[in-house]
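Undergrad: Following the hints, position chains Y and V with the ligands against chain Z.
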Amino acid sequence: MNHTDNHRWRTIDIVVASVIAVAFGVIFWAWGLVWSATDGAFAFFPPAQTLLYGVWLMPAVVGGLVIRKPGAALYCETVAAILSALLGSQWAGTVIPQGMVQGIGAELAFAAFRYRSFRLPTALLAGALTGLGAALFDFLVWNAEYDLTSYRMPYALFTIVSATVVSGAGGWALTRALAGTGVLDRFPAARDYRAPV
Amino acid sequence: MGGVGVRGFGWRHAGRRAWAVRGVDLRVERGERVLLLGSSGAGKSTLLAALAGLLPEDSGEQEGTVEVDGVDPRADRERVGIVFQDPETQLVMARCGDDVAFGLENRGVPADEIWPRVDEALRRVGFPYHRDRPTAALSGGEQQRLALAGALALRPGLLLLDEPTANLDPAGAALVRRAVADAMDGDTTLILVEHRVAEALPLVDRVVVLEPGGGVRADGPPEAVFAAHGDALAADGVWVPGRTVAPRHAGAAPGDLLISADRVALPPRLAPIDLAVRAGEALAVLGPNGAGKSTLALLLGGLLRPGTGRVAATGELAGRDARTPPCRWRAPALASRIGSVFQDPEHQFVTGTVFDELALGPRRTGQPETAVRAIVDGLLDRLHLAALARANPYTLSGGEARRLSVATALATAPRLLVCDEPTFGQDRRTWLELVDLFAELRDAGHGVVTVTHDPDFVAALADRRITVTREPSAATT
Amino acid sequence: MISIEPVATPGAPLARRNPVAKVAAALVFSFTLLATLDPVAPAIALGVELAVLPLFGIRYRVLARRAAPLLLGAVGIVATLVLFAADHSGRVLVDAGPVLITSGVLLTALGLALRMLAVALPGVIVFATTDPTDLADALIQNAKAPARFAIGALAAFRLVPLLGQEWQMISMARRARGVDAGRNPLARMRLFVSTAFALLVGAIRRGARLAVAMDARGFDAGTPRTVARRQRFRAADGLLIAGAAALAGAALAVSIALGAFRPLIG
Ligand SMILES: Nc1ncnc2c1ncn2[C@@H]1O[C@H](COP(=O)(O)OP(=O)(O)OP(=O)(O)O)[C@@H](O)[C@H]1O
Ligand SMILES: Nc1ncnc2c1ncn2[C@@H]1O[C@H](COP(=O)(O)OP(=O)(O)OP(=O)(O)O)[C@@H](O)[C@H]1O
Ligand SMILES: [Mg+2]
Ligand SMILES: [Mg+2]
Chain Z
1 MNHTDNHRWR TIDIVVASVI AVAFGVIFWA WGLVWSATDG AFAFFPPAQT
51 LLYGVWLMPA VVGGLVIRKP GAALYCETVA AILSALLGSQ WAGTVIPQGM
101 VQGIGAELAF AAFRYRSFRL PTALLAGALT GLGAALFDFL VWNAEYDLTS
151 YRMPYALFTI VSATVVSGAG GWALTRALAG TGVLDRFPAA RDYRAPV
Chain Y
1 MGGVGVRGFG WRHAGRRAWA VRGVDLRVER GERVLLLGSS GAGKSTLLAA
51 LAGLLPEDSG EQEGTVEVDG VDPRADRERV GIVFQDPETQ LVMARCGDDV
101 AFGLENRGVP ADEIWPRVDE ALRRVGFPYH RDRPTAALSG GEQQRLALAG
151 ALALRPGLLL LDEPTANLDP AGAALVRRAV ADAMDGDTTL ILVEHRVAEA
201 LPLVDRVVVL EPGGGVRADG PPEAVFAAHG DALAADGVWV PGRTVAPRHA
251 GAAPGDLLIS ADRVALPPRL APIDLAVRAG EALAVLGPNG AGKSTLALLL
301 GGLLRPGTGR VAATGELAGR DARTPPCRWR APALASRIGS VFQDPEHQFV
351 TGTVFDELAL GPRRTGQPET AVRAIVDGLL DRLHLAALAR ANPYTLSGGE
401 ARRLSVATAL ATAPRLLVCD EPTFGQDRRT WLELVDLFAE LRDAGHGVVT
451 VTHDPDFVAA LADRRITVTR EPSAATT
Chain V
1 MISIEPVATP GAPLARRNPV AKVAAALVFS FTLLATLDPV APAIALGVEL
51 AVLPLFGIRY RVLARRAAPL LLGAVGIVAT LVLFAADHSG RVLVDAGPVL
101 ITSGVLLTAL GLALRMLAVA LPGVIVFATT DPTDLADALI QNAKAPARFA
151 IGALAAFRLV PLLGQEWQMI SMARRARGVD AGRNPLARMR LFVSTAFALL
201 VGAIRRGARL AVAMDARGFD AGTPRTVARR QRFRAADGLL IAGAAALAGA
251 ALAVSIALGA FRPLIG
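Protein chains in written order, with this note's numbering: chain Z, 1 to 197; chain Y, 1 to 477; chain V, 1 to 266.
Please note that a few of the clues may not be correct.
If you only want the chain Z side, here are some residues facing chain Y, beta carbon under 8 Å, derived [claimed, not checked]: (1) Thr149; (2) Gly182; (3) Asp185; (4) Arg186; (5) Ala189.
No lab work stands behind these hints: they were computed from the structure. In this text, a Cβ means the ideal position worked out from N, Cα and C, and glycines have one as well.
Excised from the complex, chain Z in its bound form:
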């Protein structure tokens, strides 16, 4: 296969990328179902919220690592954002540009490695850059009125750290785990991990 072929999206790339985004949307919905039904307070517990933010950024990293094609990270995060708008999310329409900014972050990381490296350092960088995208968006658009040193800076740093750990490292581990189950057998991500039975 030549280079251009490698970068063309197959149907399975498109559908699975979309499905990854959609599944995260459903997982978010289930989170609300599982936790707010019983322990509403836990959902407002600040560490849980940062964790949630990291999980929300995961489609970008996981999409990039699984599909391994230019645009995958951006596409996954954008589709996830459109879905959450359709489901009636808290931030509604504005999540779409927000999702795009976050997706571009991860996309830049994969592009920096010319879509050839999909190892842990790449994933961490992708996570950090998605976090940066998210932090910038919030910093400028939503948090403008808060105190710079006691809130805006720590919030932005926290977002980036959580994104690096949860969506970067977490996304990498998740992709490995997915490959182990055999569902990624038609993706290059699977080849590294499986032996025949």
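TA: This is chains Y and V with the ligands only, laid out in the frame that chain Z set:
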């Protein structure tokens, strides 16, 4: 159009050492109607996928060639229409009409021809609703018919159907078969996979039997094939028409009451119903698609909370927990008393290999590892899964996955077993094995409840039957 | 149950507009409002939004239910601001350690909460009145979005309610196999993670099968696609976008004229 040429074909799925199918030579002329038979796991579904050009090079290894009208179906899919066993995964759009139109749009059919062709295809399969109906609001049988319409609208020269009536009630299955019969014209080639030969025979004029080890075992007009190889085929697992199985009814009268349902309902899924299960009896739950049978099974299994009415377990089944309903028991206690087999086998699986899947239950109930091994090996052997012990449960063939999901529930030998469609997709040999396993459990004093559309299974095993209907009354016999 | 069906009466004059136009109008309206931090412009905008609601065929009660999380978000904004406001000018109302509430803080909080509501509502309105299929069709036909991607995403959206049911089935399967968490929050977290993982695995498997089914019906055959459902972008659709821009601009203008305007940057 629609002539098939297969020469020395073999396919090995990525991640498997064994060939799924091998050494197949087959010619099918245009307009022929072929019933493709073979034991569960013989490679029927794999062969159909190859004919439809749906085995991508990166998903396995191929031997030999497959041609439709002299071209590789991977290069040109225009000629082939396929309906898979599970209709839900092949519906693409949210509205029924859009879904049929989807293939036409892809083929570049001019916009003004699309809707007339959609309507015609829906009419040919006897689809009862307007094309704006949401696909999510269809029952299994209706989905099956819609998928068939989606394939027919493309006017394929070669139509491939993989167990198109699995999971349908007898009336729905007859409707789909009639739709197929009506849709066939002299120019369309049909290749049909179906375990239940008797029902499928009116649709076909030729039978091809795959040999599990590789190659084609028998090929020709149905009467000739069954006359010449009947005994051997039956021993191999083919449902040769006219061969009945000896019933295995309970030898002893039923024992103590295990569980009872009292006006249990879950609107809008299930209307109120009464039911009681005793030790040492096999109860069959029948009823049309969408009547609420699976819902009832989940309620009995302590997995759903009833909307109204109550499910009560007796001390015989629950010991000290008899005062709380099963849906409130802790999971380990539940799993040791009531075994549930879900309608969709894949819902059952929680581990990564066939072996672990079977070992999970016995390990959780605290059996020593040697006992676990003995249980698992015994089940693997009896259900013809031994070669697949290390395989991922989700890569199994339809029939293999079904057997594994039943076996997971059998592994802990719970006092009450609730199974949803335990025999679909089975060849005759594995079917008999399953019936024997259930009969043994029942004779050892366990209660067995099976939701089923399989009349042979009811005739062979059930001591009592109950019919679930949409109306708030249930008929018991 | 999780669902992405539209909730509006379909015949309403603005609900019927081209989905691309509706999304564009919402984005134009929201982003114009993002430019300011004062309470006046968002208050006017909210008024406009509530006034056009009947034109979209949404009843106020339905909107209230759809927008309930927004109200929670607004409460959160006020609470956070009380602790972390940048600007503590104005009369001191409460002074208790870290909690310093001044009239300035309250005004800012009001502004931010209004702004958040005003910015989010257009999206809620648009997506509450838009069918995903129509949106994908319009994106392809009127916004030149690549058809393969729009349809692929649409096919995945169809799985949303199915995956919602799948979540329940997976939870039940675990229980049936003897796995549960009881009251221990850590065990519940673990169970949540493992259920979510199973859901993701199942979803990807479904996606892969769906892709095969789509290919079987010629999805990626390279033939130029035709469209069965025409979406047209009419003059009225252009007007909707222009109208949204004009109304948002007007809200800003009023706030500037009243001297309340506080730009986001600068
Ligand atoms: N995606 C897959 N990955 C790995 N192995 C597979 C896959 N699909 C099928 N197999 C294996 O290939 C063999 C043939 O499977 P296939 O589905 O073709 O059988 P089948 O004849 O249709 O059986 P059944 O009647 O049970 O549906 C089986 O042993 C199965 O475990
Ligand atoms: N999770 C669910 N949420 C809402 N409705 C459901 C759910 N599951 C099933 N239903 C609906 O409840 C009704 C009964 O479903 P159920 O699956 O129990 O029927 P069934 O008798 O098992 O049918 P089949 O023979 O097709 O398996 C159907 O109309 C179905 O669409
Ligand atoms: Mg099969
Ligand atoms: Mg059922």
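Undergrad: If a hint holds in the structure, say so; if it doesn't, say that too.
TA: These are the hints, each one checked on the structure:
| no. | hint | result |
| --- | --- | --- |
| 1 | Thr149 | violated, 48 Å |
| 2 | Gly182 | holds, 4 Å |
| 3 | Asp185 | holds, 5 Å |
| 4 | Arg186 | holds, 5 Å |
| 5 | Ala189 | violated, 12 Å |
Checked against the numbered hints above, the structure breaks hints 1, 5 and satisfies the rest.
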